[in-house]
Amino acid sequence: MKIIVCIKQVPERDAQVRIASSGKLIEESDLQFAMNESDAYALEEALQLKEKNGGEVVVLSAGPERAGTTIREALAKGADRAIQVESDSLNQLDALAVAQLLSAAAKQESPDLVLTGLQSDDLGYGQTGVIMAELMGIPHASLILNVEKTDTGITVKRELEEGWFQSIDLPLPAVLMIQSGGTKLRYATLMGIKKAKTKELRKISAADLGQSAAPAATLEKITQPQKQKSTQIIPGSPKEAAATLVEKLKFEVRVI
Amino acid sequence: MSLLSATLAEPQSFQTWEKLLLLSLILASAILFFRRFAPILDRILKSRRDPSFTLAPVGKRIWDFFWEVLCQAKVIRERPLPGLAHAFVFWGFCAFALVTLNHFAVGLGFGFLSPEGVFGRFYSYLAATFAAACAIGIFGLFVRRFFVRPRWLGQKVSCESGFIAALIFILMVTYLAAFAVKSASPAASALWWIHTLSILVFLPIIPHTKHLHLVLSPATIFLSRGGFSKIPPLVGDEDFGLVTGKDLTQLTSLQAYSCVECGRCTEHCPANNTGKELNPKEIILGLRSYLNDLGPQSEENIIGKYNSLTADFQCTTCGACEFQCPVGIEHLPIIIGLRRGAVNTGAWEDEHGAKLFLALERGSNALGMSTGERDKFIQKQAFPIFDGSQEYCLWLGCMGGYDPKGREIVADFARIMNYLGTSFGVLRKEKCTGDPVRRLGNDLLFQQLAESNLETLAQNKVKKIITICPHCVRTIQEDWKEFGAPPEIEHHSEFLARFADKLPKAGARTTLGAPSMAQSDRAIGGIPEAPSSRSGKETIVYHDPCYLGRYRNVYDEPRAVASLAGEVVEASRSHERSFCCGAGGGLVFLGEETGDRVSHTRVNELVATGASTIGTACPFCNTMFRDALAEKGDAAPQLLDIAQLTARNLPALDNKPDNQPRLSS
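Sequence lines, in order, name chains A and B.
Throughout the first sequence, residue numbering follows this note's numbering, covering 4 to 259 in sequence.
Throughout the second sequence, residue numbering follows this note's numbering, covering 1489 to 2153 in sequence.
Just chain B, same shape as in the assembly (with noise of 0.2 Å):
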């Protein structure tokens, strides 16, 4: 026989008895999947409303459904090989949508789609070739997940997946074997029946196990909350986040529903990755049991046996997770969601948390230094102040206004802004964004931090912020918005890109040894010439920062900017992928007490890719990169940030006298 030859095998007719049968199989199988997914049904309904939920953009929705539902596209970047796998599995299903529907209309006598009909031939083949792709694809996540055994997957060997897996195996291999055997034989009432039973035995197993995602993660990713890291706010006097049952919305139980449990999260977390408590995954389920044993009208605190407040503040909030995602869940609403709970009722103690806060309650800055230093500083560099005729507002932030090396990515920049004859002021006074703050769920602080730099910027009529800190970026522009509406905000590195072409390359220099503004601002041994000169091109690799690039998209203008420079070379992970520097999430003035630090261990990936010098884009990266790299001594490479790498290559006297309005008194 040959293969185009070949056609479905069916059995022909039915006893009345075995249409009893089966009519009471399948009503047996569906009442018991409903009387299992109706209570979750339930809890995820009985939820609270989410409080900024809107639809719109309907169009993005049903792109990334497309995207990332239909075509796997997610599920296959991220894990080329089993993602590609479960795509087969996917597809394989959405082809046997209709051989199913008729499986089971032929068991009942009104098959409509004929073995020997030209639509019916071509379907099934169509089905056999995904049923043929599905039984691979299945078998090889069957051999990953009881062979290979990669630790994400958890420690314990689950046997339904086991199960389901050979469920669908045999669905597949029974659909196969009907091109086989004759029509109307006994063989092909056995196949049939055989892949009857599969499907109905398959229906009631969904809810209760992770396979639940079949069913929720196409609405989860529909429903998303429609932006990264988006956290909602809270409403009315009695919301301080996620404190009890009743504190969990909609959203966010369907989310911890749809987890399926394939743990990219947790191979992408720094935290767990060196060596700490948290595992985003454990986060998720913990808040599915405690959906599953309290319910969502639940007064019992969430953080307690069901969560772990020591896991929940070593999230540096880099965002991995929710990026990584494949079934939509937004775990950092959730992780923020928990801390907001512990800050905003008091029940979080921690030394160094308490200090930052009060640092911020008190005074301007997250370093709680004194104003006057920033002040001091801006009249050192000669910055003029904001008065409404300058183009961009400079935002210096935090770092750039008190951390030593923030300063002199500050001045370099400030540089090549005069360079390029851009005009620019700083604000007399500045408050930290409340960047650490928001991510760390102190919403009282964030909110007064929130007001009175809003406040400030209206006074001075600001248009346009340029900073070099995406923190700041992503906290003006994303976070401010509940209280006001902020000014149009760019990264540095937005800038420069859009003026590469005005900017020096390296080796175009033509006075050596210009002093920088910054200079007096320097440590000893200041910053090396560019070895250009010396022995070839420089090679830079570029650290990807979490909030320029997962917050903000941005992965090329940072790297277009420091090509400038010298060759730009990749770490092994990098753009979406990029390891977090261990900054984020407030952490930087936690203090990281358990396991490695996460900066050595980046710090090691970017050493190893033999560049000479790391490229930074963000004043937090470049912190926790110099404390890591003090350790590797004369062996490590510079660590310098775009705005340096260019500004070294500006010609020495770049300052033209009408750039130079002095500080007035």
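For reference, chain A alone in the conformation it holds in the complex (with noise of 0.2 Å):
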């Protein structure tokens, strides 16, 4: 079975994440990148996947320079080659542009089944392997937990509302948006980096796929959140008191 994982590199989880000056895109300088956590799971999902049944597990990543390192680490934890769209105005493009890409380069390869992570830690659209299933002509399953290979397809496990779960099966080929916490990730060896450095990494321009890679959708601006606190100190007695907060969980507030 061949099995392409999408990774995306993203800013560190405990990241200071500052407003670049443009106001469109965040200050990098300062920034630690690490892999999409989302898309560890896919990673793992797909290793244990190729020591059950056996085959190739091809990593695809869009992204800058930077993002080689994290590929590395997907070699590391025992991908066998990897393919880097690279590209530094990827963070210009929208979810469709960058599927566009990504689904591309997975085409050349033919692969039995494509993961991706649920959603990205920095822009979380949560699009990308949607997007992807329908440019390749091919079924997909999001928030997946676990996949089992079956003699005519997969079996996938989906998590519902609840703590419900469906279990569907699929024909291959697919693509699956992989949920976290579905399995437990694997810690990268010495042996494994090592290894890494003799694996294929493969790096295409985004002209190569033949894409035009114009955003349908244009990020205008980007703002921190408001940080609001309004306290408001209710006077009275406390029977009148009581009365006034009534009324505004009410009518203010309608949360009750």
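Hints should not be assumed to be uniformly reliable.
As the list claims (entries may be wrong) - Quick list of in silico lysine-lysine cross-link-like pairs, BS3-like style, CA-CA up to 30 Å:
hint: 1; chain 1: A; residue 1: Lys27; chain 2: B; residue 2: Lys1843
hint: 2; chain 1: A; residue 1: Lys230; chain 2: B; residue 2: Lys1868
hint: 3; chain 1: B; residue 1: Lys1969; chain 2: A; residue 2: Lys27
hint: 4; chain 1: B; residue 1: Lys1919; chain 2: A; residue 2: Lys198
hint: 5; chain 1: A; residue 1: Lys198; chain 2: B; residue 2: Lys1969
hint: 6; chain 1: B; residue 1: Lys1864; chain 2: A; residue 2: Lys198
hint: 7; chain 1: B; residue 1: Lys1843; chain 2: A; residue 2: Lys53
hint: 8; chain 1: A; residue 1: Lys197; chain 2: B; residue 2: Lys1868
These are computed hints drawn from the structure, not numbers from a lab.
Quick caveat, the model's predicted, so the values are computed rather than measured.
Hints given; two lone chains; assemble the complex.
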């Protein structure tokens, strides 16, 4: 089974994000980057499938030069080779344009299965995987916790609301959006890192894929969330204050 | 016949056939010895060379050899009675070197020590004294091994040990008896021959028994790695630690063959003493069996038939085994080497271990918390940020930056520094030093953390670091050396001891009820008042943290600091023999699933002293004891770091305004 795992490099979880002077991007100079969390679970799922059923795990990542460290990390954890769609203007693209690039690259590999994380920790669109499936003309499922290979295709476990799960059979090839927390991640090892040095990392530019890559949606402005603290002290006797409080909760805040 | 007129009786002449018989017996014994010893020597020499080994400093090696081998100092100090018995046997053997040489020379007609000559008489009396001491010693050891039977010596009674003890006893008795018979008598001849045969039988037995330590351990002690728990660097792309025979180095193999199976390592091992599988002696004997069966060129895994993965990861790296070993075996590089092999190749699968590794791959601290938590703590305490103008960089560490109790310790230590007018600052960003991953054998992560921290320290031009955590001290000072030049570092106990005469003593406090800077972080109940005002002097039992004591040789400083706050009492095991709290070696993050908890065993010892306070000097010990004391309820003594013990007696308004720079945002 040939599995493609799409991986995005995102700012580290603890990063102190500042807005760049353009107002459309975040300032990258001081940031540390890491693998998108749900992508790490997608990779783990792919590695486990390969360990059980054999095959190949190919990492596919669209990102600038710096994404190389995250790709190496994926190779160190056990992926066989990697493709990097290199472009410095990716952060100006929308989910559709990125999905166009990724699906074009994925098609060349004719994979049996494409795994992506559910959504990115930075932009959080949750769109890329779904659009990829559409562009590739193959079925997809999202919020996946677990994948099992069957004789005819795969059975996947989806997470629904309120502790419900759904089990679906899918034919192959397919695209799955993997949810964080479905399995336990493996740690990177020295041996893995040393082996990763000799693994293939193929770089292709967006132009090579023949995609126009003009975004359909553009980001106008990003802002820090407004911090609001509006404390009201309700005067009067406890009885009066309680009455005012109930009124406010009913008509102003509308929670009761 | 008065004692001083007694003369050692020797046969006067030997027949030619006797000389020929003697020669052939010597030859047979020597050949047998070398045929058995050569393969062992070969396995040691064919092992991989030690990458970082240097003979320098030779002076220290000579001293260690003199002190530990010739004086038997360690053997005696750590087990006085059996140690002394062993020392007498050893010194007896030394004194007998000349006697034995002369003994064979007599048989061949070249005797050079005449029992009637001045020197010969003197030496025979000297040797006789040692022979008597040696005979008593070996008899004592025989009684211990076969009748007292301490469990460290193993379940099975070793017959070969009994046989060897008998041979040594016969050697000594035949020598002494020769003073009571006439020269040239048949009795003198008989004694001479029994003595000779005993030596010649003894020699070939040596290589295949633990008595091989006679030959090897002096070399093992002389050729130590040159530092406590010295972990060798990995060399080349194929070195992941101790995976197969090919990874065994000459020192490791030499040590494996030197083991005398005395079980001192086991006796002091916190894991073994609380019912875990780990037995440091078996780790060493496992390597020996591996070498005997497969040799140093084998590519078969060591972990498996010859070593237990579970046992390897039960080690707290407290170093009691390595410290105790009388024959110079360095257990920590071996146990950590086996862990490195398992972790660096991904063979070790452990839920908690993987969680710790992932927390440090993605985040900054071993507790897996957001760095924002550390920022908030720094802001709340108004710690100045290190900008190069201050004397010290106060290294918070994971415990000091994130753990509630560790934060209290840091906050109180900062109060003391302010009181003393010592300038300090904290780094904006700090990562775990890599101590837990270093001891668990994750070299990839350790290197990343060490390099990242070294870069931060260099950028900030840090010259001197001070910290409350002995694990940080050890890792920064020793383990980071592989990747750069770390700044000078000191543990807070050393700093506080230096200023002891400037620090307030118990009862000296003038204002009561001083609010501590850390007050707001403290749990409900807080720290009770020092009982000094109520019921005489407070008694404090000080617990030696492994990484401050055995690893750094700091024993007196924290006691000097604790004695400012009250009377220091000692637990049944203290100083070099201190018993681990159970946290080291990354084990605080792994959980302890089998046997008793190490922390509970230790806390019981500390509580048994009747002290009103347990004094600690390591935030990990502190957190382990806090959990262990929880089950003691109201009867539990208080638990305070030496910094807290000191800060408690500071005057209320010790915060000079000029020492209060605010965090610039």
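Hint by hint, here is what the structure shows:
| no. | hint | result |
| --- | --- | --- |
| 1 | Lys27(A) to Lys1843(B) | violated, 36 Å |
| 2 | Lys230(A) to Lys1868(B) | holds, 20 Å |
| 3 | Lys1969(B) to Lys27(A) | violated, 44 Å |
| 4 | Lys1919(B) to Lys198(A) | holds, 27 Å |
| 5 | Lys198(A) to Lys1969(B) | holds, 26 Å |
| 6 | Lys1864(B) to Lys198(A) | violated, 41 Å |
| 7 | Lys1843(B) to Lys53(A) | holds, 23 Å |
| 8 | Lys197(A) to Lys1868(B) | violated, 43 Å |
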